[in-house]
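Residue numbers (our numbering), protein chains in the order written: chain A, 129 to 511; chain B, 129 to 511; chain C, 129 to 511; chain D, 129 to 511.
Just so you know, these hints were derived from the structure itself, not from any lab.
Check the hints yourself; a few may be wrong.
As the list claims (entries may be wrong) - Not the full set, but computed from the structure, chain B residues with beta-carbon under 10 angstroms of chain D:
1. S167
2. E196
3. T201
4. I209
5. V328
As the list claims (entries may be wrong) - Some chain A residues close to chain C (C-beta under 7 angstroms, calculated; not the full set):
6. L170
7. F192
8. V194
9. L195
10. E196
11. G197
12. A202
Since the structure is predicted, the reported quantities are computational estimates derived from the model, not experimental observations.
C-beta: ideal position from N, C-alpha, C; glycine also.
There are 4 protein chains.
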Amino acid sequence: MRKICVVITARPSYSRVKTLLQAIDAHEELELQLVVAASALLDRYGSAIDVIVKDGFEIVAKVFNVLEGENLTAAAKSTGIGILELSSVFERLEPDIVITVADRFETMATAISACYMNIPLAHIQGGEITGNIDEKVRHSITKLADYHFVASEGAKKRVELLGEQKKYIFNTGCPSIDLAMKVNANSDFLNSIYDKYGGVGAFPDLANGYWVVMQHPVTTEIEFSRKQIEETLDALRDLNDPVLWFWPNVDAGADGTSTGIRAYREKYDLKHFHFFKNMEPEDFLRLLMKSHGLIGNSSVGIRECAFLGVPVVNIGSRQNRRERGENVIDVGYDHNHIKQAVETIKNGSRPKQSMVYGGGDAGIQIANLLSELPLIYHKTITY
Amino acid sequence: MRKICVVITARPSYSRVKTLLQAIDAHEELELQLVVAASALLDRYGSAIDVIVKDGFEIVAKVFNVLEGENLTAAAKSTGIGILELSSVFERLEPDIVITVADRFETMATAISACYMNIPLAHIQGGEITGNIDEKVRHSITKLADYHFVASEGAKKRVELLGEQKKYIFNTGCPSIDLAMKVNANSDFLNSIYDKYGGVGAFPDLANGYWVVMQHPVTTEIEFSRKQIEETLDALRDLNDPVLWFWPNVDAGADGTSTGIRAYREKYDLKHFHFFKNMEPEDFLRLLMKSHGLIGNSSVGIRECAFLGVPVVNIGSRQNRRERGENVIDVGYDHNHIKQAVETIKNGSRPKQSMVYGGGDAGIQIANLLSELPLIYHKTITY
Amino acid sequence: MRKICVVITARPSYSRVKTLLQAIDAHEELELQLVVAASALLDRYGSAIDVIVKDGFEIVAKVFNVLEGENLTAAAKSTGIGILELSSVFERLEPDIVITVADRFETMATAISACYMNIPLAHIQGGEITGNIDEKVRHSITKLADYHFVASEGAKKRVELLGEQKKYIFNTGCPSIDLAMKVNANSDFLNSIYDKYGGVGAFPDLANGYWVVMQHPVTTEIEFSRKQIEETLDALRDLNDPVLWFWPNVDAGADGTSTGIRAYREKYDLKHFHFFKNMEPEDFLRLLMKSHGLIGNSSVGIRECAFLGVPVVNIGSRQNRRERGENVIDVGYDHNHIKQAVETIKNGSRPKQSMVYGGGDAGIQIANLLSELPLIYHKTITY
Amino acid sequence: MRKICVVITARPSYSRVKTLLQAIDAHEELELQLVVAASALLDRYGSAIDVIVKDGFEIVAKVFNVLEGENLTAAAKSTGIGILELSSVFERLEPDIVITVADRFETMATAISACYMNIPLAHIQGGEITGNIDEKVRHSITKLADYHFVASEGAKKRVELLGEQKKYIFNTGCPSIDLAMKVNANSDFLNSIYDKYGGVGAFPDLANGYWVVMQHPVTTEIEFSRKQIEETLDALRDLNDPVLWFWPNVDAGADGTSTGIRAYREKYDLKHFHFFKNMEPEDFLRLLMKSHGLIGNSSVGIRECAFLGVPVVNIGSRQNRRERGENVIDVGYDHNHIKQAVETIKNGSRPKQSMVYGGGDAGIQIANLLSELPLIYHKTITY
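The whole structure should be built from the sequences, with the hints applied where relevant.
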């Protein structure tokens with residue numbers, strides 16, 4: 129029975145690997161050790177932990193490591209505290225394999241703790257390109273990891289080029305797509321969404337369509353985060369359709385983004401805006417399926433929306449160079465361009481489904497690999 | 129005036145970059161901010177700080193971050209504490225560029241703090257191969273660093289293959305070689321060495337030659353560190369020549385190595401052994417030049433000894449796949465093989481000098497580059 | 129020239145010692161080393177640091193140590209991080225005396241760092257009684273401190289009984305009173321207050337009087353913090369006078385308090401409520417002087433309001449057993465009792481001024497003592 | 129079933145409470161949660177953990193928190209790290225009561241974590257006087273603790289005077305005495321001691337008596353720790369009797385003490401000295417019973433030796449003002465005075481047994497109280 133320890137540090141990471149967690153839990157030869165850490169524990173970032181508990185997972189450790197400050201120094205320190213805490217957790221749990229997800233700054237704490245403690249490390253979603261600080265973190269983790277479960281052919285090629293051994297790189301597709309495959313939206317769902325998720329702002333009628341917005345600060349552009357969010361707000365202020373807006377992640381710069389939104393709300397009467405803190409992953413996908421489209425810079429637009437065929441207005445540099453389907457229109461931080469893209473989508477036809485990020489069985493593929501792969505923590509570059 | 133912050137975490141790292149520190153100090157457009165951290169501050173690892181002060185450098189911050197335990201968990205935690213402390217130091221010093229040296233586990237703390245705080249990061253000695261945990265750390269730091277000052281053509285090629293931009297990779301050679309170039313040994317030196325450096329054990333006469341031993345624990349083989357050191361001790365116990373032995377670094381496993389040596393000393397009467405804790409870099413090179421050869425697994429054997437033409441018995445996996453000159457004989461952890469290699473060297477002729485790790489001007493080359501390079505902390509993989 | 133290091137960890141602590149900081153700064157034989165830490169640095173707790181900078185003080189170190197979570201574990205951990213950071217700060221600054229203020233949980237980090245580093249420690253506002261967790265912290269710090277600057281005769285007696293030497297206990301009065309003495313309110317002030325401090329909510333006309341509310345969570349009653357704040361909100365919801373409400377400190381429980389206020393705002397149309405995050409100490413005192421009275425559990429009600437003769441409705445256990453003037457009406461967490469107390473004040477006459485917390489020269493008295501006291505860090509209990 | 133969490137941070141603390149641990153383990157209504165931390169985990173301070181495991185206790189958490197440096201800053205930081213780690217441990221274990229032992233600097237980490245997390249805290253050995261930094265820590269912990277199990281009538285009186293409630297102060301005697309009561313020494317024991325405990329130095333014959341030495345650095349006098357140990361070494365260098373010497377605790381200053389001993393060993397041929405790292409508590413008591421006497425500044429001399437009637441030469445200030453039996457001769461750091469005291473003991477008669485620190489049932493008394501006391505964490509000073 130192999131013990132597989134997965135560390136979840138943020139709401140979106142949880143959504144991304146939920147089907148993997150289920151597949152590990154269901155696998156006869158695997159035992160899931162689920163650790164919840166960082167912003168996934170915090171109320172003001174949507175308490176992912178509540179969703180996790182409600183989904184029926186057992187949590188074996190909680191790690192509080194977010195240092196307040198919302199500046200870059202605090203992000204570094206949160207990583208340091210994360211290492212202090214996670215190393216104690218790993219010492220206690222003695223996992224056979226540790227899994228770290230994607231590229232948020234605090235996932236580095238998971239990677240370093242496991243790597244330094246000679247615990248085999250698996251990385252999910254390596255090899256992708258975004259062109260920001262996340263990319264440094266992502267490729268750096270690839271060089272610490274022993275197994276690579278990547279989400280596209282481009283990513284696989286890149287991890288190979290980084291000097292990793294082919295036999296430990298697997299293009300399983302992204303587990304987030306698994307979830308998208310199972311989702312089935314009925315119209316009752318929309319009627320109950322305000323009751324179920326609360327939130328603040330107006331309660332516009334969603335029956336004739338709406339837009340979903342999710343825009344995070346970009347860590348290398350934090351001094352502009354307030355300005356950037358205001359461009360999006362300007363673009364949507366006079367829209368006729370309802371706008372369902374999701375609060376940003378706890379990244380450096382979140383303060384600028386949050387303050388920008390709050391100030392805007394004080395200043396303008398946004399009668400067609402509703403603000404959510406969080407949503408269960410399946411419900412979020414249902415919401416997207418029924419929407420006119422997604423606006424912002426979330427990776428959900430690139431990934432799940434490709435599979436679902438949902439149109440996306442992708443703003444700015446955060447998803448730069450990520451492989452994408454035909455559902456995405458890229459624009460800069462400019463309210464006019466955002467407005468135009470919204471128009472284009474409204475007047476066009478729904479895009480086709482794309483398999484660029486997998487076919488919906490990533491969770492099961494990865495769980496099977498975890499049960500079979502040799503346990504190694506020693507490697508050398510291939511060139 | 130650019131502020132260049134260099135973090136020294138261990139005795140050997142200091143030796144390695146001493147000429148670079150001098151070149152920065154001497155450069156009209158650069159200000160040196162020297163931070164001394166980790167085992168470089170500790171008495172039982174040779175108090176590198178005393179040497180640094182004696183060499184005339186001003187130290188702007190001391191960072192105590194070594195957590196006792198000498199196990200892998202403690203190594204992870206020391207890194208976490210290092211990040212907590214260094215991020216405060218960087219916030220105070222506001223360096224224009226931070227320099228991290230080589231690949232010890234705690235250099236990761238320097239790299240992460242600088243990278244997460246959007247401070248341009250230069251890495252010295254990236255791109256090399258050793259095949260142990262150091263390699264994970266080294267290449268992982270390459271992916272966090274913005275500038276790469278590498279020590280050989282092989283290393284340069286490898287950093288390029290890792291997806292870094294050619295224009296920020298420079299084969300300057302290794303600064304440690306600069307030091308080797310200046311060293312000039314006279315025989316008076318040997319007469320004063322016991323007085324100057326103290327240490328314990330016998331005081332064998334060095335006039336007719338001697339061997340130098342420096343063998344560190346290998347972090348991926350720590351359960352064998354005591355056995356490994358005993359093989360070397362067995363090989364040299366009955367040697368006719370004097371043996372000058374240096375205590376190991378504070379790595380995971382150092383406990384096994386140290387205990388092994390101590391127990392051996394209690395058990396055997398080692399009349400031709402003297403033990404040193406530390407030595408100023410130049411004196412260490414002088415000592416090597418006058419010796420029959422170096423035994424152990426120190427990178428000095430691969431690097432400085434190549435330039436100096438000093439024979440080396442390189443034991444075990446720690447220097448695996450590093451480029452080497454003709455001065456090295458590789459053996460396993462086996463007292464018979466070590467003995468044979470010692471014999472071979474005694475009966476052979478002195479090897480030729482090799483430029484594989486540079487021509488002795490690395491410090492000045494790097495200082496000039498630091499004054500000219502654009503200040504960047506944003507990059508994307510080249511493929 | 130003695131170096132006096134003062135660590136400010138929260139907005140109210142700054143207000144409390146501002147005149148002491150000025151007196152140290154002005155003293156010929158003292159050098160002020162001002163460290164700003166914890167919630168005093170954070171936007172969502174009112175950025176005391178901005179006020180400090182505006183007041184013209186030089187800040188020699190900033191210490192981010194608030195771990196997110198707003199639970200008791202996070203409070204403990206914030207203290208641990210505070211010790212890690214402050215010990216580095218003290219090592220760098222080499223103060224002759226460190227000053228810690230009052231009894232917030234994180235002041236313990238200051239006390240322990242100084243005490244363990246053999247730096248003479250002065251404590252301001254020891255010896256008081258409140259009957260909650262703060263009291264454990266306060267008296268515990270007394271036992272670590274070398275000098276005691278207390279604010280009342282009762283406090284002086286108590287510190288003596290705790291086994292401290294009489295010659296190092298001084299009833300200087302509270303420095304917060306110094307500030308109150310200098311304050312002079314003109315009516316223009318009220319006209320500009322919304323512009324100067326922003327905040328959210330309605331903008332009621334203040335010309336005919338108003339109430340000020342400041343109610344913090346009580347750390348030993350955190351499970352009730354939401355309920356407690358709602359009682360106060362209920363009591364004031366239908367009041368005819370304007371209500372100026374200040375957000376709470378970052379204590380365990382702040383989350384409950386904040387959420388309670390936010391939810392209430394969503395639910396009710398509070399047309400006579402305005403919410404401030406923070407205010408400069410003098411302006412806050414001016415505001416109090418002009419008000420009908422203060423409602424909540426702030427120590428300002430007990431202390432400054434006694435000196436100023438401002439009526440206070442003191443709610444719950446937070447100020448239990450503190451010496452008080454005749455200006456205070458104590459009530460439980462009950463909206464009816466709060467309402468009644470408000471009525472009583474409106475119908476009664478203004479209370480008289482009381483010197484129970486000093487006569488307005490505490491800052492200068494303490495600064496003089498700091499310049500003269502022998503530097504000691506060694507003591508033994510007196511019985 | 130109450131969960132009682134005991135945190136052991138050093139070898140001597142374990143000896144002191146061993147019978148309490150046994151009594152908790154044996155109690156039907158108590159569950160023991162044993163946490164081993166700090167120097168109790170470290171090889172170079174005698175690996176108390178090995179003894180604990182051998183004694184059959186189950187360890188539920190190990191906490192590595194000793195930061196290397198052996199200076200005062202490192203002691204402060206070790207306490208900070210201790211809080212970070214212990215708060216996670218307490219969150220996981222959810223103890224009903226936490227027990228902290230005595231007054232070492234790192235016990236403060238236990239006290240603060242428990243107190244800040246609203247876990248009832250019991251303190252063992254409060255109320256005593258020593259006149260050094262330990263005293264600040266000890267009385268400070270008393271002010272954080274909810275229950276007090278003290279070891280003498282003097283201590284009980286003092287805790288009352290500190291403002292604690294009589295009903296929560298219990299003079300149970302010291303659990304270390306329980307152990308002393310059970311000890312029974314036969315002469316075979318001495319024959320096997322070198323084999324059983326190893327150690328370094330000579331192996332003098334113990335049949336005709338010997339002296340035991342245990343001298344720790346004094347944290348407020350660390351700059352003298354090397355000089356102080358040398359006075360003791362000078363006093364005993366030419367003694368005719370064997371000397372069994374125990375290495376010091378990991379306190380600030382331990383470095384000076386250790387270096388002093390090592391340097392002395394290199395310089396002099398100490399043919400009648402043997403050095404031990406550690407010893408099981410019972411064996412240590414057996415050794416004392418059979419000895420001429422104990423020399424140094426260990427509290428064992430004041431406490432267990434009183435009960436056992438073993439003569440003691442108590443050096444310096446470390447045990448100042450502790451209640452003592454007639455078995456103690458106090459001297460300063462002066463080799464002549466130490467010599468004289470040794471002579472006096474050799475020529476005098478064996479002192480009588482004293483009950484000043486209890487009658488041998490402290491462990492059972494405390495365990496019973498732990499099962500019955502109301503669970504409280506809220507208190508106020510009694511005056």
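Do the hints match the structure? See the list:
no., hint, verdict
1, S167, "8 angstroms, holds"
2, E196, "4 angstroms, holds"
3, T201, "6 angstroms, holds"
4, I209, "7 angstroms, holds"
5, V328, "6 angstroms, holds"
6, L170, "5 angstroms, holds"
7, F192, "4 angstroms, holds"
8, V194, "4 angstroms, holds"
9, L195, "6 angstroms, holds"
10, E196, "4 angstroms, holds"
11, G197, "4 angstroms, holds"
12, A202, "5 angstroms, holds"
In this structure, every one of the numbered hints holds.
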